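Each chain, letter by letter, is given below.
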Amino acid sequence: MDFEPKILGIACNWCTYTGADLAGTTRLKYPQNVRTVRVMCSSRINPSFIIRAFQLGADGVLVGGCHPGDCHYGTGNLYARRKLAVTKKILEFAGMEPKRFRVEWISASEGKKYAEVVEEFTNDVKALGPQTKFKIRKD
Amino acid sequence: MQNPYIPMPVEVTKIVTEVETNDIKTFRLNFVNKEDEENFKYLPGQFAELSILGKGESPIGIASSPTQPGYIEFTVQRAGTLVTGIVTTALHDLDVGARIGVRGPLGNSWPIEFLEGKNVVVVGGGFAFTTLRSLIHYMLHKDNRPRFGDISVVYGARTPGLLCYKEELAAWEKRKDIKMHVTVDKGDANWKGREGFVPTVCKEVGPSPENAVTVICGPPIMIRFTLPVFFELGFAKENILTSLEMRMKCGVGKCGRCNVGHKYVCKDGPVFSFAELDKLPRDF
Amino acid sequence: MTAMKKIEENLRKEAKRLLEGGEVSVVLAYGRGYDENHPMPFAARTVEDVDSLVFNEYCTFNLARYLPKYPPKTKIAVAVKAADSRAVVQLIQEEKVRREDLVILGIPVTGMKDQKTGEVIDNKTTCNMANPVLYDILLGDEIHGFKGGSPYDVLAELEGMDHDARMAFWKKEFEKCIRCFACRKACPMCYCDPCFMDASRPRWADKSPTPDGHLMYHLTRFYHLAGRCIDCGECSRACPVDIPLYLFHKKLAKECEDMFQQAAGMKIEDKPAMVNYGNQDSDEMLK
Amino acid sequence: MLKKIALEKLGDLVSALMEKGPLYAPVKGEKAVDFQEITNPADVILDFYNTAMSPKFAFFPQSEDLIRYRLGKEATESEAVSLDAKPSVILGVRPCDAKSFEIMDRHFLGAGIIDPYWNDKREKTTIIGYAFDPSTAADPADFYNTLGISASDTAGSDIFMIRTDKHLLFKGITEKGDRLLKELSVLEAGSKTDEKTFEDKAKKGGEVKTRFMEIQDKAVAGKLVQVFNNKEFWEKATAACISCGACTFVCPTCYCFDISDETLFRDGVRKRFWDACMFTDFTLEASGHNPRPRIFQRYRQKVCHKYSYHVDKYGCISCVGCGRCTRSCPVNIDIYSIIESASKL
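Protein chains in written order, with this note's numbering: chain W, 17 to 155; chain P, 14 to 297; chain D, 45 to 331; chain X, 187 to 531.
Treat the hints as calculated values from the structure; they're not laboratory data.
Accuracy of the hints is not assured; some may be wrong.
Lysine-lysine pairs mimicking DSS-like chemistry, simulated, CA-CA at most 30 Å apart [claimed, not checked]:
1. W:K115 to D:K160
2. X:K214 to X:K422
3. W:K22 to D:K215
4. P:K189 to P:K179
5. X:K214 to D:K157
6. D:K57 to X:K422
7. P:K187 to P:K216
8. D:K160 to X:K390
9. X:K310 to X:K395
10. P:K27 to X:K259
11. P:K131 to P:K216
12. X:K206 to D:K216
13. X:K217 to W:K149
14. D:K311 to D:K140
15. X:K206 to D:K160
Pulled from the structure, derived: some chain X residues nowhere near chain P, Cβ distances all over 12 Å [unchecked claim]:
16. E263
17. A266
18. F294
19. S446
20. R452
21. A462
Computed from a predicted structure; not experimentally measured.
Heads up, the beta-carbon is just placed ideally off N, CA and C, and yes, glycines get one too.
I would like the entire structure built from these sequences, with the hints used as guidance.
Next up, the structure:
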C-alpha cells in the first residue's frame, strides 16, 4: 500500500483558511492528507504546537498565513515570520528533515495556490516517508 | 501485602452542589467491591486520595461519618491556578455513575477518645467545614451522643449562599442536644440568621474552657483571628485542635513533600493540637 | 600582579566604596566556596562582607541571573564579564531590570576555566568576547586585540552532519537529562513564572522524565531563548550530566544574527528580536 | 568467606554475574562515570573515583510505573503494574553509597508502611561494595568521615570488594552475599595471606581522610531546630542557590517523589518519579497557597530534613557525605559548610 502521510495544517482564519474554502468551492482537486486547524492569526502559532504535532505522529506540518503586509491585524504575520523561521532552524538543527515543515502565504483569493501548495507538500512528505524522529513510541 | 499506592474502585452515586457559586460539590461514593467497603474503616478527620486515572490524585477530607454506612462522601472545591487544580476540575465534571478510585483512609483523625466526656466547641469557616461535619454527625449519632458533653457549633461563611450542607444545618438547629451558631459575614434579603465574623461570634458565644475542647478548621485568616479569642476565654493550647493543609501526593508518608519538621502531615496529621504545632518549625 | 588579582583588588575596593557611600545596597560578585577552584556567587551587603569577595579564573557564573529577583528600585552593583554584561543589557531591553538601579562593574577578562574540567572556555562555550559591552566602572584594563576564533567555530562538526546523525546526537544527549532544571534555573534569561514546563494547563510535556518530554522541554527552551541567548554557556556548566546545550543555543544565536542582523544583548536601545520585525525581513528566512 | 580473582579476569566475572540477571556496574561515559546496565562485559571499569549519579536508581528508579490504564468512552480499564524485579547485582558501590541504602531502608520500609516497589527490588538485589583506593586522596567535596564512614566501610554491602595490585578480593558480608560468592565458580578461594591482605587494605582505608567535623546526630538535630528561625543565617547561606534540583537528584539519600498520570491519546500510565524539595511547585497547594515560596525556606527544608527531622523520625542523619550535591551544584553551595557554620551559631 502506498504511504499516505498525515499532515497537520495550521491556517489563519482570514486568508489561508478562506483560501482553502475557495479551493473547495471551486472544486479544485488536491490530496486529502492535510487536516487543518484554524487559528485567528499565524502569529498565534506556538512553536510547541509544531513540535507536539510531530511528537503525536504528524508526518508534516504546513502553516498558512496572510501575505506579509496583508495581515488582518496589521503586523501579526510579520512576527509570525520570525517565529516560524526560528522554529524551522530548530527543527533542522535537531535533525528533522526541513522539508517536513513549510510556511506559505496564501490569501483568501488564492484557492488555486492552496491546492498547488498542498499537492506539492504532500508529495514532498510522501517522498520522505513516515516521520519517526520525534514520534512518541509506546512500548 | 497491600500495595498502598493502588486505589479501590468506587462509583459516584450522588452529587450535590453546595454553594451558589457552583464551585463546591459533595460527592457520594459507593464501593464497587464489598470487601473494600469493609476494609475502609475510618474516623472523622481522616482523608483519602481521590483518583481519576488520566488526571491524577487529590487528597480530600472525608465529609461523611462512619455512622453513615454504605457510602463515603467528599466535599470538593474546584481549585485552579495555571499550575494546579486538574483533579478537582475533573471531579467537578463527573456525572452520577462515573467510576473513580479512592485510596485510604489516610492520616490520623479527630481524637475521639480525647474528646469523650468533654464539651466540644466546633468552629468552622467556609468550605473547611467538611471533616467537622463528619465529626458532628459522628457525635450526634444516638450510640455516640452520650459519650460527649455539650456540643456547640460556630459555623461561618462569607454569604448565606456560601454555607455548605444547608439542610443539615437546618436540621441540627432544631435539635436540642447541639447548639448551633451559624453566621455569615454579610447577609442578604432572605437571611434571618446571625451576621458577623467567626471570631466575633465566638467571643459572643463565649464557651467555657472548663472541660472543653475546641476543634477549629477554616481559612488561615479566620484561624489567626479566632485563636486569640479562645486563648482569652482560657482554653489551653492542648485543647485547641486543627487540621493542617499541605500539598500531598502519596498519603502514606513516603513521598516527602508534606513534612512539617519530622511530622508528615499525611501520616502523623492532619489533625494537630496547637500545643503540638508550637513544637514544630513554622513551616506551614 | 596578575590581571585576575588586580581585578579582585579593584572589585573589593569598588564594592567597599559603593557600600560605604550607600550608593548600592548589595554588590553581586564572587565569594569563597569550599575551595579555591570552586568560588560561589556572593551578595555582599555590608562593608565586612567585602573581604569575602574573590575573583579568579573559575568565577564563571553569570550573576545577571540574580538581578530580576530584587524588587525594583533596589540599587545593585553587579560584577559582569563580557557575556554577563550582554545578559544585563538583554534584561534591560526586556524591562526586567532598570538601568538606573544598576552600577555595572565590568570585568575585562579572557581565559576563564570550566570548574569541572579546567578547560579554557573562551570561544568554546561562551561568546568569546573580552570586554563587557556595558559598564559603569571597569575593574581591569580593557583588552585589545584579543582573538580566539569565532564563538561559532565549535558548531562546525554538528553542522557538517546529516539530519539523521544530528537527530541521533541530540537524542543521545537528551536521554541523559534528569530534569533537574539546572539549565533553566542557571540561565539569566529564564525568569518566567511559571515556566511552561510547570504549567499543567496545558501540560506541554510529561512531568516525569521521559525522552519525549526531554525533547519537548529542550527544544521549546531553545526556542524561548532564540534571539535572547547571550551565549554565556552557564546552562551547560550547570548541567550535572554534561549535556552540551550551548551548541544548540549558539546555533540559534548564529542563525538569528544572520536573519535579523542583531545579536542579543549588545545595545540597550535594541528591541528583542523575537518581539520585533524588520523591513529587511524576507521570506528567504523561511526557506 | 573470602574469594578472589585475577584483575585481568574481571571480564569473566562480569559475564558470570550477567548470567545471574541484570548487572549494574560503573561505565565510562563521555565525561563522567555512571552505573549502567551492562550489555558488554568490556564496558565495566574499576578505575573511577565515584559515579556522578548515585546508585539509588537501582531500587528507586527516577521514574517508575504504578498503574497502566486505557481510557474508554464508558469506562477506564486499569491494571496495577506487577512487582517482578529480577534478581540483580550492583557491582562497585562505594562505601558511602552502600551505607545510603540502609538509611533509605529506614524510610521506605519503616514507619509502619512498607513501600512495595522499593522492597521488591531491594530484596532481590545483591550489592557488591568497593573500597575507595587508599592511595588516592579524597575529593575535596567529600566528607563521609564526618558521618562515621570510612573508605573501606563494609556496612550496607552484601559483598565487599577490595582491589590489590593483581587481584580483586571479595568478602561475603551478609548471607545473601555469601550465597552469591558460593555460586560464582569463576572465583578462586582466598588463602590465609589473602585474608591478611584484605584486612590490611581495609585498615588502610580507615586512614583516608576526608573533611571532618565532630557531629552527633542528636546534637546537630537540636541545633538546627534552634537555628530554624534565624532567617538571616539561612538567607545568607543560600543566597547563591538557584533552586534547581541537581543536588537532590544526585543525592543517594533523597527520596522525595511525585506521582502523575501521563496519557497519550487513550493509553496512559500513573507514574511516580523523583521530585525535589528545591522546586517552587513542590509544596504548591491546589488553592495556590505555597508554604515554602522562598528559596531559603526550601533549602532550609532540605538541610533540616536530612540533619534534623530524619534524626527525630528514624534515628539517623540522612546524609552519607558522598559530596555529590556539592560537586554537582551549579553554584557550589556546600552542605558541609552550612552545617559547620550552623553548629557554630
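Check: Is it true that the CA of X:K214 sits at most 30 Å from the CA of D:K157?
Finding: holds, 23 Å
Item checked: Separation of X:R452 from chain P, once the least beta-carbon distance is taken, above 12 Å -> violated, 9 Å
Next item on the list: Please settle this one: X:A462 was flagged as non-interface, so is its CB more than 12 Å from every CB on chain P?
Entry: With a cut-off of 12 Å, X:A462 comes too close to chain P, as the shortest Cβ separation is near 10 Å.
Item checked: Distance restraint between P:K131 and P:K216, which requires alpha-carbon spacing of 30 Å or less -> The hint holds at about 20 Å.
Notebook entry, point to check: Taken at face value, is the distance from the CA of W:K149 to the CA of X:K217 at most 30 Å?
Noted result: Roughly 26 Å separates the two Cα atoms, so the pair holds.
Check: Holds or violated: are the alpha carbons of W:K22 and D:K215 at most 30 Å from each other?
Finding: Holds: W:K22 and D:K215 sit about 23 Å apart, inside 30 Å.
Next item on the list: Starting from X:K206, check that the Cα of D:K216 is at most 30 Å away, please.
Entry: Given that 30 Å is the threshold and the Cα spacing comes to 29 Å, the pair holds.
Notebook entry, point to check: Has the given pair, X:K214 with X:K422, been kept, meaning a C-alpha gap of at most 30 Å?
Noted result: Given pair X:K214, X:K422 is violated - Cα atoms ~38 Å apart, limit 30 Å.
Next item on the list: For the pair we were handed, D:K57 and X:K422, check the Cα-Cα distance against 30 Å.
Entry: holds, 22 Å
Check: Taking 12 Å as the cut and beta carbons as the points, is X:F294 off the interface with chain P?
Finding: Violated, because the least Cβ-Cβ distance between X:F294 and chain P comes to about 7 Å, which does not exceed 12 Å.
Notebook entry, point to check: Do the alpha carbons of P:K27 and X:K259 lie within 30 Å of each other, as the hint requires?
Noted result: holds, 21 Å
Note to self: Just to be careful, I want the Cα atoms of P:K189 and P:K179 compared with a cutoff of 30 Å; is the pair within it?
What the structure shows: holds, 18 Å
Of the numbered hints listed earlier, those contradicted by the structure are 1, 2, 9, 15, 16, 17, 18, 19, 20 and 21.
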